[in-house]
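Undergrad: Spelled out, the chains give:
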Amino acid sequence: MRTKFNFIGLEAPQKVSMGKLKLWLSESLGMPMWLIAESQRFAGSLNEALALVLGAPEGEVSRLYIEQGFAQWGGWTDGEQRAWVFRVLVSMEVEDRRRFMALLNGRLVTGSALAGMAGRDGAASSGTETEMAENIASVSVKVRAVLLYVRPMGRSVLQYELTFGLRTGEESEVTYVGCFKAVVGTDEAGVAIHGLTDELSLLEWIGSNLGERIGPIRGVRVSEVFELHCDGVQWSKRHKAGFKAERVRVVSWLRDTAGVSGLWEVRDCLPRPKDFGQSG
Amino acid sequence: MALVTYTELGFYCAQADLYIDPLRRVAKALVTHAHSDHARPGMQHYLCHSDSVGILKLRLGQRISLQSMGYGESIWMNGVEVTLFPAGHVPGSAQVRLSYRGEVWVITGDYKTVGDGLSPAWVSVRCHHLVTESTFALPIFQWRDQQLVFDEINAWWRGNAAAGRPSVLLGYSLGKAQRILKYLDRSVGEVVCHGAISASNRVLESAGFDFGPWVDATEGLSGLRAGGRVLDGSLVVCPPNALRSAWITPLGNYALANCSGWMAVSKSGDWGGVDKGFVLSDHADWPQLLEAVRASGAEHVHVTHGFSETLSRYLRETMGLDADVVEQAMWERTEE
Numbered sequence: 000m001r002t003k004f005n006f007i008g009l010e011a012p013q014k015v016s017m018g019k020l021k022l023w024l025s026e027s028l029g030m031p032m033w034l035i036a037e038s039q040r041f042a043g044s045l046n047e048a049l050a051l052v053l054g055a056p057e058g059e060v061s062r063l064y065i066e067q068g069f070a071q072w073g074g075w076t077d078g079e080q081r082a083w084v085f086r087v088l089v090s091m092e093v094e095d096r097r098r099f100m101a102l103l104n105g106r107l108v109t110g111s112a113l114a115g116m117a118g119r120d121g122a123a124s125s126g127t128e129t130e131m132a133e134n135i136a137s138v139s140v141k142v143r144a145v146l147l148y149v150r151p152m153g154r155s156v157l158q159y160e161l162t163f164g165l166r167t168g169e170e171s172e173v174t175y176v177g178c179f180k181a182v183v184g185t186d187e188a189g190v191a192i193h194g195l196t197d198e199l200s201l202l203e204w205i206g207s208n209l210g211e212r213i214g215p216i217r218g219v220r221v222s223e224v225f226e227l228h229c230d231g232v233q234w235s236k237r238h239k240a241g242f243k244a245e246r247v248r249v250v251s252w253l254r255d256t257a258g259v260s261g262l263w264e265v266r267d268c269l270p271r272p273k274d275f276g277q278s279g
Numbered sequence: 000m001a002l003v004t005y006t007e008l009g010f011y012c013a014q015a016d017l018y019i020d021p022l023r024r025v026a027k028a029l030v031t032h033a034h035s036d037h038a039r040p041g042m043q044h045y046l047c048h049s050d051s052v053g054i055l056k057l058r059l060g061q062r063i064s065l066q067s068m069g070y071g072e073s074i075w076m077n078g079v080e081v082t083l084f085p086a087g088h089v090p091g092s093a094q095v096r097l098s099y100r101g102e103v104w105v106i107t108g109d110y111k112t113v114g115d116g117l118s119p120a121w122v123s124v125r126c127h128h129l130v131t132e133s134t135f136a137l138p139i140f141q142w143r144d145q146q147l148v149f150d151e152i153n154a155w156w157r158g159n160a161a162a163g164r165p166s167v168l169l170g171y172s173l174g175k176a177q178r179i180l181k182y183l184d185r186s187v188g189e190v191v192c193h194g195a196i197s198a199s200n201r202v203l204e205s206a207g208f209d210f211g212p213w214v215d216a217t218e219g220l221s222g223l224r225a226g227g228r229v230l231d232g233s234l235v236v237c238p239p240n241a242l243r244s245a246w247i248t249p250l251g252n253y254a255l256a257n258c259s260g261w262m263a264v265s266k267s268g269d270w271g272g273v274d275k276g277f278v279l280s281d282h283a284d285w286p287q288l289l290e291a292v293r294a295s296g297a298e299h300v301h302v303t304h305g306f307s308e309t310l311s312r313y314l315r316e317t318m319g320l321d322a323d324v325v326e327q328a329m330w331e332r333t334e335e
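So the protein sequences, as listed, match chains A and B.
Numbered by numbering that gives the first Met the number 0, the letters in the first sequence go through residues 0 to 279 in order.
Numbered by numbering that gives the first Met the number 0, the letters in the second sequence go through residues 0 to 335 in order.
Don't read these hints as lab results, they were simulated from the structure.
Keep in mind that the hints are not guaranteed to be accurate.
Claimed, not checked - Here's a subset of chain A near chain B, in silico, CB distances under 10 angstroms, partners left out:
1. Met30
2. Ala42
3. Ile192
What the hints assert, rightly or not - Some chain B residues near chain A, calculated using beta-carbon distances under 7 angstroms:
4. Gln141
5. Arg143
6. Leu255
7. Thr309
Beta carbons are placed, not taken as given, at the ideal position from N, Cα and C, and that holds for glycine.
Build out the structure end to end from the sequences listed, making use of the hints.
TA: Given below as structure tokens:
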């Protein structure tokens, strides 16, 4: 078993969709697309299926090789990008392949991206780096999530704990599962506490779209999508989504209802649920 | 009429009046190996490989009518030459070659093409028609060298033993359990076997198989403790159903792992609530299945027992073979 690859500080130069990765691996392996689709159906996610169909690791690539590849990426043809990604993926263990694809896909955030967050909200990226030198327990992810509920907080200030959901189910019957929580609002001086550019507008929107009361929770119109950076995401049996996050930062209010991330996209970024073997 | 057809009772060679792994009572049943989804009770007469005799009698009764043969030996049934070849699945497992007037069929039963050091290694058999299993016929299933897996198992056991915690490893009582036993590092501690596994062990040892020392826990784990055995650093091998009985209770806070090909997929981690999964199978993985088909030289391939649609479509569209699906109604997803 090879040592886990250190992805800290690596950022993909351009988002590569899972569909494109599927096509690239299909072409590189000479494997029909339908066969990968069948594999995905059983494995439960495309990310895992692609990581497994590559079989045992072959060859080896260094971190420098990946850094250089990312630096040259923009000047490459599609075929050159495909060949490079294939070589990198083949060289890795299954778990690292899953995380590398999530990195390419823009769903796995590593150290360099977290450093910016650390400056803003005190989240320590070094903690994540330490974990990734050791046995990886948590990751950081970037998602598009829909606002589902709010919980009014305090009496003297206007603050809400927001619950954001991710998509599950087939296209014809999409439902949202609450996954991440973050607090927005103002302090006693009326200053936005979260740091979101349009936080005051968001508070206004929430105030005029409050819905059904469920205990301390108020529903809101399920229409608003936000980009979130979530840190310390790890498996949790106590949470309906199957995972929890230590820190959630609302990066932007997208004002666009399309493209809510799937629940499985976060699960794909996480280490395997238990200490399972690779494809041995 | 084809030499072999599929009937509601299973694969049937009318010329020889012989069924292979039949689903219900027939006059003559050729059993490819002794797992319960292939060797069913109630047949008037059984035919099997000689290494399966003891296990079949253990499972189906000492009084069954049974004839055995060795690998490479032939018997003739109404002009049909019947020969068994190693399938490499478990001890006694066999591929069946049926030949009549120049037409050759091979029914693989369950098999793996990579040797495990326990069962006689699989050999390719040339034929016109190949009936192949497809339990793990998806390209996500690609096994690693078994030594790597056993290194992981021994390291896991060593870690548990160092922490004073017993280890429990799940494996079927015929084949998987003995394969595990053969490669466990006895310097870590004692190996304890559930009664069902102990019974299979004794039969196979009497047939000449050797898989190292083991302790029989047929009388229960509490009996072993009472007898002064310290189980904390030991490794207990038991079939999955033992977890649903009080048999396991005396072990206390044990670490639990499963050895199965299904463990390759992370969602399988929830199966049985185990702490750790080791990817170890006695079935052919995707590359082995394709290797077996190619090596047979068969122009016609009949796929059964697993991801049949997937494999047959791949063989048709990618390898240009005449392949179809023969689905066994009784099949369930299992390692046996």
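Undergrad: Please verify that hint: Arg143 (chain B), Cβ, nearest Cβ of chain A, below 7 angstroms or not.
TA: Since the shortest Cβ distance to chain A is 3 angstroms, the answer is holds.
Undergrad: Holds or violated: is there a CB of chain B closer than 10 angstroms to the CB of Ile192 (chain A)?
TA: Since the shortest Cβ distance to chain B is 39 angstroms, the answer is violated.
Undergrad: Holds or violated: Gln141 (chain B) as interface residue toward chain A, Cβ cutoff 7 angstroms?
TA: Hint holds; Gln141 (chain B) Cβ to chain A Cβ min 4 angstroms, cut 7 angstroms.
Undergrad: Return the status of the interface hint for Thr309 (chain B): holds when the least beta-carbon distance to chain A is below 7 angstroms, violated otherwise.
TA: Constraint on Thr309 (chain B) satisfied, holds at 5 angstroms.
Undergrad: Would the hint on Ala42 (chain A) stand, with a C-beta cut-off of 10 angstroms toward chain B?
TA: holds (5 angstroms)
Undergrad: Minimum Cβ distance from Met30 (chain A) to chain B below 10 angstroms?
TA: Since chain B brings a Cβ to about 6 angstroms from Met30 (chain A), closer than 10 angstroms, the hint holds.
Undergrad: Return the status of the interface hint for Leu255 (chain B): holds when the least beta-carbon distance to chain A is below 7 angstroms, violated otherwise.
TA: Nearest chain A Cβ about 11 angstroms off; hint violated.
Violation of the numbered hints given earlier is confined to hints 3 and 6; the remaining hints are satisfied by the structure.
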